[in-house]
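Start from the sequences and build out the full structure, keeping to the hints where you can.
In this note's numbering, the protein residues as written are 674 to 991.
Don't read these hints as lab results, they were simulated from the structure.
Predicted, not measured: the structure shown is a model, and the values here were computed from it.
Where is the CB? At the ideal position from N, CA and C, for every residue including glycine.
Be aware that one or more of the hints could be misleading.
[Stated by the list, open to error] Ranges between beta-carbon positions, derived for each pair: (1) 868 <-> 841: 34 to 44 Å; (2) 704 <-> 802: 39 to 49 Å; (3) 788 <-> 848: 25 to 35 Å; (4) 871 <-> 846: 25 to 35 Å; (5) 867 <-> 814: 12 to 22 Å; (6) 846 <-> 787: 26 to 36 Å; (7) 711 <-> 852: 52 to 62 Å; (8) 912 <-> 875: 50 to 60 Å; (9) 722 <-> 788: 16 to 26 Å; (10) 880 <-> 754: 54 to 64 Å; (11) 875 <-> 852: 26 to 36 Å; (12) 799 <-> 862: 33 to 43 Å; (13) 799 <-> 724: 56 to 66 Å.
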Amino acid sequence: MNELSSLDGLLSGAVVLGLIIIIVILVFAIRAIRIIRPYEKGVVERLGKYQRTWEPGLHLLVPFIDRVTKVDMRENVVDVPPQEVITKDNVAVTVDAVVYYEATDPFKLIYNVTNFYLAATKLAQTNLRNVVGEMQLDESLTSREKINITLRNILDDATDKWGVRVVRVELQRIEPPADVTQAMHRQMKAERDRRAMILEAEGDRAAAIARAEGTKQSAILEAEGRATAIKEIADAEKAQKILIADGEAQAIRNVFGAIHDGNPTDDLLSVRYLETLKYVANGNATKIFMPLEMQGLANVVGGVGELFKSSQEEPKKK
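Written out as structure tokens, the structure is:
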């Protein structure tokens, strides 16, 4: 019995020892295995001394000797608390900003700065006061992009030794005091009223110019129409006179040809000399040439012409 009890004691002791060994092995295995995610990097220290930097993946370390610190390499944000800043023209404005950054060197981020979040916040506040303090109020309100770029460059240079790159800086708000805001609103309203009056005056001026231009063009067109009508009437009268003159000339040529080219009858000659009589009576003709055969008729015509001529001169003498 004693031997059996002692054997049972040995077996139970071996089982307990085995369990302890298994537990120790599991603990060592759990502590020895480390998984670094794709957006992380691991900084390994051995007995308090920097050993190496792990890339993403599965890694093994010596338990209780090695220690790993994971660093998030993703873009992060620092919310800068609102603060009052005095502008160059002595106006207190409340400025609120955010800073976006990402880690570039895990070693520097761990060993070169104790609390990066606090350090970045204080650094952003200080430089924000410096940048806005060098501007007038109106410039600070309208130059947000300039402030963002200037502050980002300053912070990026200052945080480079911390293994961090400042991606961008955004101003959430720049808020002047209430009385300044009301004055700005009144100024803006007055400026808009002034622009409205200017635009209205320019519209009236443009309308008046357009009306005057229309009246001018109408008068010009009316005058051109009258001139065209007068010219057309004159051309028509001229053409009519030309046609009449051409007809008379043609008639004269026909009579002249009939007299000289053919054997005109006494009746024809008598008609022509009688038509010429009115020119003789008006003094428009002084000499008339006739064939010898018509001398008697010419004497009669001449006498009649003298009679008409003397009858017209007597009233003039009276």
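Verification of the supplied hints:
1. 868 <-> 841: 34 to 44 Å: With a Cβ separation near 35 Å, residue 868 and residue 841 satisfy 34 to 44 Å, so the hint holds.
2. 704 <-> 802: 39 to 49 Å: Check passed, 48 Å falls within 39 to 49 Å.
3. 788 <-> 848: 25 to 35 Å: 29 Å Cβ-Cβ, so the 25 to 35 Å window holds.
4. 871 <-> 846: 25 to 35 Å: Distance hint for residue 871, residue 846 holds at roughly 32 Å.
5. 867 <-> 814: 12 to 22 Å: holds, 20 Å
6. 846 <-> 787: 26 to 36 Å: holds, 30 Å
7. 711 <-> 852: 52 to 62 Å: With Cβ atoms ~54 Å apart, the hint holds.
8. 912 <-> 875: 50 to 60 Å: Cβ of residue 912 to Cβ of residue 875: about 54 Å, so the range 50 to 60 Å holds.
9. 722 <-> 788: 16 to 26 Å: Holds: the Cβ-Cβ distance is about 22 Å, inside 16 to 26 Å.
10. 880 <-> 754: 54 to 64 Å: Because 57 Å falls inside the window, the suggested range holds.
11. 875 <-> 852: 26 to 36 Å: holds, 35 Å
12. 799 <-> 862: 33 to 43 Å: holds, 37 Å
13. 799 <-> 724: 56 to 66 Å: violated, 36 Å
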